[in-house]
Structures are given as structure tokens and as C-alpha cells.
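In order, the protein sequence lines correspond to chains A and B.
Using this note's numbering, read the first sequence as starting at 18 and increasing by one per residue.
Using this note's numbering, read the second sequence as starting at 18 and increasing by one per residue.
Each hint should be verified, as a subset may be incorrect.
Identical copies go unnamed one by one, so any copy, or any two together, can satisfy a pair.
[To be verified] No farther apart than 20 Å at their CA atoms in a straight line, the calculated lysine to aspartate or glutamate pairs in the EDC-like style are these:
1) Lys25 - Asp368
2) Lys376 - Glu151
3) Lys68 - Asp322
4) Lys168 - Glu119
Keep in mind that the hints were calculated from the coordinates and are not lab data.
Protein chains: 2
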Amino acid sequence: MKKTVLRKYAQLIAASGVNVQPGQEVFIAADLDQPEFVKLLVEECYKRKAKKVVVDWSYQPLQKLHYRYRTLTTLSKLDNYEEARWQHYVDTIPCRIYLLSEDPDGLKGINQEKMAKSQQRLYPVIKKYRDQIENKYQWCIAAVPGAAWAKKLFPELRTSQAIEKLWEAILSTSRVDEDPVAAWEAHNKDLHDRCQYLSGLGIRELRYKSANGTDFTVGMIPEAQFCGGGETSLQGIFFNPNIPTEECFISPMKGVAEGIVYATKPLSYQGQLIDGFWIRFHEGKAVEWHAEVNNDLLTKLITMDEGSCYLGECALVPFDSPINQTGLLFYNTLFDENACCHLALGMGFADTIRDFQSKTLEECRALGVNDSMIHEDFMIGSADLSIDAVCDGGKVVPIFRNGTWAF
Amino acid sequence: MKKTVLRKYAQLIAASGVNVQPGQEVFIAADLDQPEFVKLLVEECYKRKAKKVVVDWSYQPLQKLHYRYRTLTTLSKLDNYEEARWQHYVDTIPCRIYLLSEDPDGLKGINQEKMAKSQQRLYPVIKKYRDQIENKYQWCIAAVPGAAWAKKLFPELRTSQAIEKLWEAILSTSRVDEDPVAAWEAHNKDLHDRCQYLSGLGIRELRYKSANGTDFTVGMIPEAQFCGGGETSLQGIFFNPNIPTEECFISPMKGVAEGIVYATKPLSYQGQLIDGFWIRFHEGKAVEWHAEVNNDLLTKLITMDEGSCYLGECALVPFDSPINQTGLLFYNTLFDENACCHLALGMGFADTIRDFQSKTLEECRALGVNDSMIHEDFMIGSADLSIDAVCDGGKVVPIFRNGTWAF
């Protein structure tokens with residue numbers, strides 16, 4: 018990919034993505050796949066006067082070794098210097114950029130039990146710090162091609178060609194054109210207008226129906242509103258947490274969901290694919306489920322903690338979204354979640370509550386925002402999906418028809 | 018390079034290099050060049066029952082950006098979480114492996130002034146921790162090919178071929194043959210025998226002479242002894258700090274050196290080459306010097322701190338060493354220092370003092386071991402170098418004739 022184009026992408030992430038402020042620190046998490054792009058990104062952050070840019074490199078194959086050889090005890094604790102890093106985030110509120118490039122099958126064969134257990138035990142320690150910075154800092158998840166990921170999408174191509182093709186798909190769906198920053202401003206305006214309309218309807222519940230069997234109702238939190246595109250941190254800085262993004266999303270009412278949903282795309286979870294699955298909800302809780310591929314892993318996901326069987330997000334994305342129009346299945350949630358409507362199991366977003374700035378995290382959760390150590394999107398959008406909103410006073414408003422916006 | 022051969026090399030580093038002990042942590046510093054080899058090394062450490070293996074990846078091009086854009090103030094301090102990492106080394110005494118692969122010219126154009134100043138200011142903080150672990154932990158420096166480094170050695174080859182050639186050179190000079198661990202045992206015995214002979218002579222000073230102009234005398238510390246190959250940590254664990262190594266070395270008496278030495282190979286210092294240089298010593302101190310290439314950087318090196326103008330090491334390596342026999346100039350000190358005789362400016366090694374285990378670091382330094390934030394080897398060996406030892410009672414013993422051992 019041409020360096021001039023990549024530099025625009027790096028500028029987009031630094032400017033519109035995390036919106037680096039002068040004197041702020043930036044932490045970038047990246048796999049080893051695209052060091053030259055990481056270099057461009059580091060430079061763009063510095064050009065925006067970042068005080069210090071730290072890159073945390075990771076190499077997915079080492080993960081498997083750690084989980085194979087380390088004891089559950091050492092996997093389940095943070096050393097002092099690792100906790101000190103979290104404390105540094107609390108003290109300095111740096112920007113955080115996550116560059117995804119992993120192999121969707123990269124952790125195949127890992128000891129799922131050990132991984133889940135260690136994450137469960139680590140969570141209370143991490144949560145202590147995470148809750149202190151929740152909604153305070155700017156963050157952005159974006160993608161760069163990894164070799165194995167590219168070959169998964171384009172198995173018929175040589176690796177270098179597959180990587181180039183994946184770059185094209187990432188850059189086009191991320192609106193890296195002539196002037197990406199302006200394109201994102203326009204896109205954000207469109208998403209915000211749509212969210213405003215939805216939030217004004219006074220929706221009490223959403224009803225989903227599709228010929229694939231999906232027949233599902235989920236309750237809304239009266240105090241919640243639809244969000245999409247950029248958001249503003251508690252420090253008052255506007256940022257775009259996902260590049261790309263196409264969704265209008267909301268945190269549903271914990272404990273209010275009935276019926277069955279059928280997944281319409283495979284889910285890449287912890288380096289493995291879960292496919293051909295459905296989940297039945299009762300009183301907001303996943304009570305029955307089955308996956309044709311990796312059913313055990315789906316069970317691990319749903320039973321991870323107390324909150325992982327409840328929903329944390331309902332997101333509306335038309336089936337004709339630019340990402341779905343690429344015709345590609347990305348095997349990566351950042352893209353696939355923006356290809357069609359989805360739900361998420363686990364943690365909800367406190368910042369979907371109106372006026373969340375003046376509420377505590379606990380107050381938001383008490384209104385019905387779910388809490389969990391996980392947040393996993395799964396896709397339920399289809400070409401024939403219809404969604405109705407039942408609003409205050411019982412009025413029914415069509416939201417989706419034939420997989421896309423009805424208004 | 019074949020995976021079976023690389024695995025042997027990884028085993029050599031884990032077993033003979035750092036000699037990982039069950040339950041010990043291992044920290045590996047590596048550039049991004051050879052992730053698959055790093056994976057093999059991590060696995061070999063785990064097979065020796067390491068408790069936790071942490072890889073600190075680095076990417077040389079980012080260094081230049083940090084020194085360009087960060088202020089001297091932020092470059093000159095460690096954040097709390099970075100100090101906590103050092104404290105962790107003090108508390109847990111992990112093994113440390115340094116895998117070198119950098120481009121010898123990789124930091125060309127960097128702001129030398131800013132880099133030197135920030136390192137000077139950082140040093141007291143790091144020294145606080147370093148002194149606490151000195152001689153306590155096992156460490157090993159070894160090399161893997163980086164693309165730019167390989168092209169520097171073999172500019173006429175395609176990158177992949179150059180990397181393969183550099184692998185061959187690294188593996189052959191590191192004695193990675195049928196049974197590398199056994200080969201290192203034999204090699205260590207040979208080096209230890211030679212050191213024992215030298216240490217028994219009661220050497221008071223060494224006199225160097227070469228047709229290239231070198232005419233130089235350096236004083237010895239009566240309590241010091243020659244060391245070479247593997248050594249034993251204060252925790253009683255045998256390890257090999259350098260792979261490869263060919264030298265018998267000693268820390269000379271601080272303040273006793275007269276005459277001039279001519280470098281016989283370029284010196285790669287902080288990602289830049291210093292070449293065609295000589296240094297004149299008086300009363301142990303570098304008092305005059307000149308380099309045809311990068312004289313300013315040589316000056317920075319010599320004037321880095323109070324101890325950087327004094328010598329910290331005299332190492333004897335025959336000019337017909339296996340490394341010199343490759344006919345390659347490696348542009349990397351780990352190899353070039355083991356190709357011929359060298360001196361080092363800066364810090365001396367306290368563990369060259371007899372019975373150092375029962376002395377403090379301060380006591381060793383009081384005997385004449387130099388202290389500095391730097392330790393930089395430079396090569397003075399030549400095909401005609403002769404070295405005489407003036408021993409107790411004035412007896413003169415020939416040590417080197419025609420560039421190699423005279424005994």
C-alpha cells in the first residue's frame with residue numbers, strides 16, 4: 018500500500034480516532050505485522066504534540082505458549098510492575114490505540130478452560146483500575162492486515178497480494194479517501210442525526226423477526242439513548258472509538274429479553290471461530306444455546322461470569338452497509354459488527370445513559386446497564402430482518418424492513 | 018534456516034546461555050526481526066520450567082522518533098511503572114536474554130547531544146537498581162539476523178539470502194553444531210585453562226606493540242584475575258553471558274595506562290559507526306583522540322561521564338579466532354570484539370576480582386575497577402600485534418606474538 022495513503026490513515030487515527038491532545042501520552046497496542054505503519058502512527062501522534070508514545074508489541078503465537086506452560090496461579094495475577102502500569106493510566110489518562118491484525122484462528126487449540134479461569138481471576142484486579150478510567154480517556158480500535166488474517170479472507174492469493182487486498186478493504190471501509198477527517202465529520206453527522214431520531218421515539222422495546230427463525234423482543238432503559246460514531250470523554254474530548262463504525266447502538270435493560278436469535282455470521286472469539294449458533298433468552302438471560310462449531314467455547318463465553326449471560330448492547334446497522342457491500346466476511350468483530358445488526362453479551366455502556374456525566378458508574382448500572390468482564394458482539398442482521406419499536410403509549414414504529422432502515 | 022538447527026540454538030541460549038532455573042522468570046529483549054526464533058526461545062525457557070517468560074519487543078526506527086519529538090525532560094525520567102519494573106528485577110532476580118539484530122547504521126542522524134544527555138540524566142536512577150542486581154543474575158547476549166544488518170554484511174545478496182548467510186555466520190561462530198551444549202563445555206574448559214595460566218603469572222602490566230602505531234602499556238590490579246567463557250552468579254548459577262565468546266579478559270587498574278592505541282575495526286556505537294580512530298592515554302585517562310568517521314560521537318562516548326575516559330577491560334583474543342576466520346566484519350560488538358584483542362572504555366567488571374563474592378561492589382571499585390554508565394569495547398588486535406606481560410619481580414613473559422597466543 019502506498020505510504021501517502023497509509024499516512025492519511027495514521028493521521029485519521031491520531032486526529033479523529035483518539036484525538037491526541039498536546040502533552041498527552043499515547044499507548045499503542047499492536048501485533049508485529051505492520052511495524053512501518055505503527056511508525057507512521059507514532060509519528061502522527063508526536064506531530065499532535067504527544068508527550069510520550071509507548072508501543073506495546075504483542076505476538077499472538079506466544080499467547081499459546083503462555084497458556085500452555087504457565088501455571089494457572091501465575092496466569093491469574095498481575096505483578097507489581099503490571100499493576101503500576103494500570104495505576105499510570107489512572108494517574109495520567111493517556112489515549113489508547115488498539116491496532117488489530119490477529120489471525121482469527123490464531124489461538125486454535127489453546128486450553129480454553131485455563132484461559133477463561135485466569136481471566137476470571139484477573140478481572141477483579143483489572144476492574145479496580147478500569148472503573149476509575151471508564152469514559153474518561155480517548156481510545157480507538159482500528160485494523161491493519163496481518164498475514165494469516167489476510168490469507169483467511171483471500172486464501173486463493175499469494176500472501177503479499179492478500180495483504181494488499183485486505184489493506185484496500187480496511188482503508189475503503191474506514192473512509193480513507195481524499196480527506197478522511199472531513200469524511201468522518203460528515204459520517205458522524207449522519208449517525209448522530211439517526212440516533213437523535215431514534216432516541217426521540219421513546220422506545221420501550223424492540224421486536225426482531227427474520228425468516229431464519231429469529232423471533233426476539235428486548236426491553237429498553239427509559240433513561241438510555243442511542244449513540245453512534247464519535248463520543249465525548251468525561252474530560253470533554255471528542256473521539257471515535259471504532260474505525261470503521263456504522264452502528265447506532267444502545268444498552269438494553271438488563272433482565273428484559275425474550276425469544277430466540279440466530280447468528281448470521283461466525284464469531285471470532287479469543288482467536289477461535291464460533292459458528293452456526295442460536296441463543297434463547299428468557300427474562301433477559303441466555304437460557305439455552307447451541308453452536309454447530311465450538312459449542313464449548315460459546316458456553317464458556319456465556320457462563321464467564323454473572324453478567325455474561327445478559328445483554329449489554331443492541332446495535333442497528335443496515336444490511337446494505339458499506340462493510341457488507343464489500344461482500345467480505347472479515348472474521349473480525351470490528352468489521353463484521355458493522356456489517357449488520359448485532360447484540361452483545363456482557364458489559365453495557367454507561368455512557369448511553371442520558372446525562373451520564375453527572376452520574377456515577379454505579380448509578381448507571383442501577384438503571385439497567387449490565388456489568389460483566391466480557392463484551393462480545395454477535396451478528397443477527399439478515400437481508401429480511403424487520404425490527405419494530407414499541408414506544409411509550411404502545412405506538413408501534415417500524416425501524417427496519419428488509420434488513421435496512423425503515424425511516 | 019532449518020527449524021531443527023534454530024531449536025538447537027534456542028536450547029543453547031536457554032540452557033548454556035542463561036541456564037534458566039525451575040521457577041525463575043525470564044525477560045527477553047528482542048527486535049521485531051525474528052519472531053519465530055523468539056517463539057522457539059520462549060518455549061525452550063518454559064521447557065526448563067521458567068515461571069513466566071516476558072518478551073520486550075523493540076523496533077529500532079521508533080527510537081529515532083522518540084529522540085526527535087520527546088522533550089529532554091521526558092526522555093530523562095522513568096515513569097513509576099518503569100521503575101517498578103526495575104524493582105521487580107531486584108525482587109525476583111530473573112534471567113535476562115538480549116537478542117541483538119539491529120541495523121549498525123539504524124540510528125544515523127539521531128540527535129546525539131539529546132541522546133547522550135538523556136542517558137546521563139537517566140543513569141543515576143537506573144544505577145540504583147543495577148547495582149543491587151550486579152553479578153546476581155544470569156544474562157546472555159546472543160544475536161539473530163535483522164534484514165538491514167544482513168544487507169550491511171552482504172550488500173550483493175537479496176535480503177532473504179543475506180539473512181540466511183548471516184544466520185550461518187552466527188550459528189557457526191556460536192558453535193551450534195551436532196551438540197552445542199557439549200561444544201560449549203569443551204570451549205569453556207579451554208578458555209578457563211588459559212585464564213588460569215595468565216592469572217598465575219602475577220602480571221603487573223601488559224605492553225602492546227603493533228606496526229600500525231599502537232604502543233601502549235596498561236597496569237593490572239593485583240587482586241584481579243583473567244576471566245573468560247562462562248561465569249557463576251552470586252546465586253551460584255553458572256551461565257554464559259556472551260554467545261559467542263572467545264576472549265580472556267580482565268579489568269585493568271584505573272588510572273594506569275600510557276601510550277597510544279589504534280583501532281583496527283570500526284565501532285558500532287548507538288546505531289552509528291565510528292571508524293579510523295586512535296586514542297592516547299596518560300595516567301590511565303584518554304587525553305587525546307581522533308576518528309576519521311564520527312569523531313564527534315567518539316568524543317561523546319569518551320566524555321559521557323567521569324569514568325568513561327578510563328579503561329574497564331583488557332581482552333585477549335587471537336587474531337586467528339573462529340570469528341576472524343569467517344573473514345566477515347560484523348559491525349556488531351558481540352562478534353567483532355571476539356575477533357581480536359580489544360579494550361573497553363568505561364565500567365569495569367567487579368567479578369574479575371578474586372573472591373569478589375565476599376566483597377562489596379564498593380570494595381571492588383576501591384581496588385581499581387572503573388565505574389561508568391558506559392562500557393564500550395573497541396578493537397585493537399592486528400595480525401602482527403605483540404603483547405608482553407611484565408610480572409612480579411620484573412620478569413617479562415611473551416603473551417602474544419604475531420596476533421596470537423605466544424604460549
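Notebook entry, point to check: Taking 20 Å as the upper bound on the Cα-Cα distance, should Lys25 and Asp368 be classified as within, between, both, or neither?
Noted result: Neither: 30 Å inside a chain and 54 Å across chains, both beyond 20 Å.
Notebook entry, point to check: Which holds for Lys168 with Glu119 at a C-alpha limit of 20 Å: within a copy, between copies, both or neither?
Noted result: Intra 11 Å, inter 29 Å, cutoff 20 Å: intra-copy only.
Check: Should Lys68 paired with Asp322 be assigned to within, between, both, or neither, using CA atoms and 20 Å as the limit?
Finding: neither (38 Å within a copy, 27 Å between copies)
Notebook entry, point to check: When no copy is specified for Lys376 and Glu151, does a C-alpha distance of 20 Å or less occur within a copy, between copies, both, or neither?
Noted result: within (12 Å within a copy, 52 Å between copies)
Consistency note: the structure conflicts with the earlier hints numbered 1, 3.
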